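Chemist: With chain A held as given, fit chains B, C, D, E and F onto it using these hints.
So the chains spell out like this:
There are 6 protein chains.
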Amino acid sequence: MPIVTVKMLEGRTDEQKRELVEKVTEAVTSTTQAPADRVSVVIEEMKPENFGKAGVRASDEV
Amino acid sequence: MPIVTVKMLEGRTDEQKRELVEKVTEAVTSTTQAPADRVSVVIEEMKPENFGKAGVRASDEV
Amino acid sequence: MPIVTVKMLEGRTDEQKRELVEKVTEAVTSTTQAPADRVSVVIEEMKPENFGKAGVRASDEV
Amino acid sequence: MPIVTVKMLEGRTDEQKRELVEKVTEAVTSTTQAPADRVSVVIEEMKPENFGKAGVRASDEV
Amino acid sequence: MPIVTVKMLEGRTDEQKRELVEKVTEAVTSTTQAPADRVSVVIEEMKPENFGKAGVRASDEV
Amino acid sequence: MPIVTVKMLEGRTDEQKRELVEKVTEAVTSTTQAPADRVSVVIEEMKPENFGKAGVRASDEV
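Residue numbers (full-length UniProt numbering), protein chains in the order written: chain A, 1 to 62; chain B, 1 to 62; chain C, 1 to 62; chain D, 1 to 62; chain E, 1 to 62; chain F, 1 to 62.
Since the hints were derived computationally from the structure, they do not count as laboratory data. Treat the numbers as computed from the prediction; the structure is a model and nothing was measured. Be a bit skeptical, because a hint or two may be false.
No copy labels: a pair is met if it fits in one copy or bridges any two.
[Said to hold, decoys possible] Below 16 angstroms or equal to it, Euclidean Cα-Cα: the simulated EDC-like pairs (lysine to aspartate or glutamate) are: (1) K47 - D37; (2) K47 - D60; (3) K53 - E19; (4) K47 - E26; (5) K53 - E22; (6) K47 - E10; (7) K47 - E61; (8) K53 - D37; (9) K47 - E15; (10) K53 - E26.
One chain only, chain A, in its complex shape (with noise of 0.2 angstroms):
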């Protein structure tokens, strides 16, 4: 039942992402004691133009 979820910048290879759910599940059951069959990871992707830091998008950053 844990429901994970991250959002982060677009960009990453499948390869990465593959081991992100992975290892992100591996962390949830580890501390947590819920059975990986109960984790959920949902993987968010945003766009530079979408994601702000300090008021500034990260497509405008020099």
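Modeler: Then chains B, C, D, E and F, alone, in the frame of chain A:
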């Protein structure tokens, strides 16, 4: 004011999504007495490579 | 796998929340053909001072 | 550390989104005293067929 | 219809939260031209033990 | 910048939550190469009466 978000794998037809919004709104209004015009429904479609269960992504299932 | 989140003001009874989960799950399964045991529903209750519409919080409405 | 998410229908210009991130960050820092470099803003754009109000999707409105 | 969610550490005063909703709504309407009565703002307050940066929770910072 | 949200039933100890933040951050940095100080982890604890699977809430399971 109830704000409903439905995250699901991409691939449903436009007609299925139309019905989903209608039926979910009915379910919320009939049980919470919130007026229908206050209910928002957001559908968030996920790519198979961005959703995993038990550490394995939908795109990697055999 | 559909993950449904319902954000609404606090104050509904336990019975209303029980029915909400049941009816929303039915709405999702009947329109998307997702099996019921794959559907998760999360209720997130908001305090009136933490929700605003048109710039005015529910707790400040006269 | 304030994390702001803005879900809105797709269609705004790049300039509108640039200003949105800037002005929302200012609004958060001026009212919560959080330092600007701790404020993240995420824009999530919705397709009209994936957003509904009162049971009717934006794409089905006549 | 823009739905804004602000996740931040608990501890702000009621007055700060009132102003936050007001100013964030202004920021959204002035940059996206969405009418104010379509803008929802949700504040989600986090306990220090439930938020971490660089692997360390706010409650564990020395 | 990766923002991770973990929604899970309430009831874990403070130590479990400390380790969860640490291990999830490691999982994200090791697979995405995002620097640790850019990774935020938010834990959202759910009451059993606010989470349901297959139409039945955790609080109603027999």
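Chemist: Of the hints stated earlier, which fail here?
Modeler: 1 and 4
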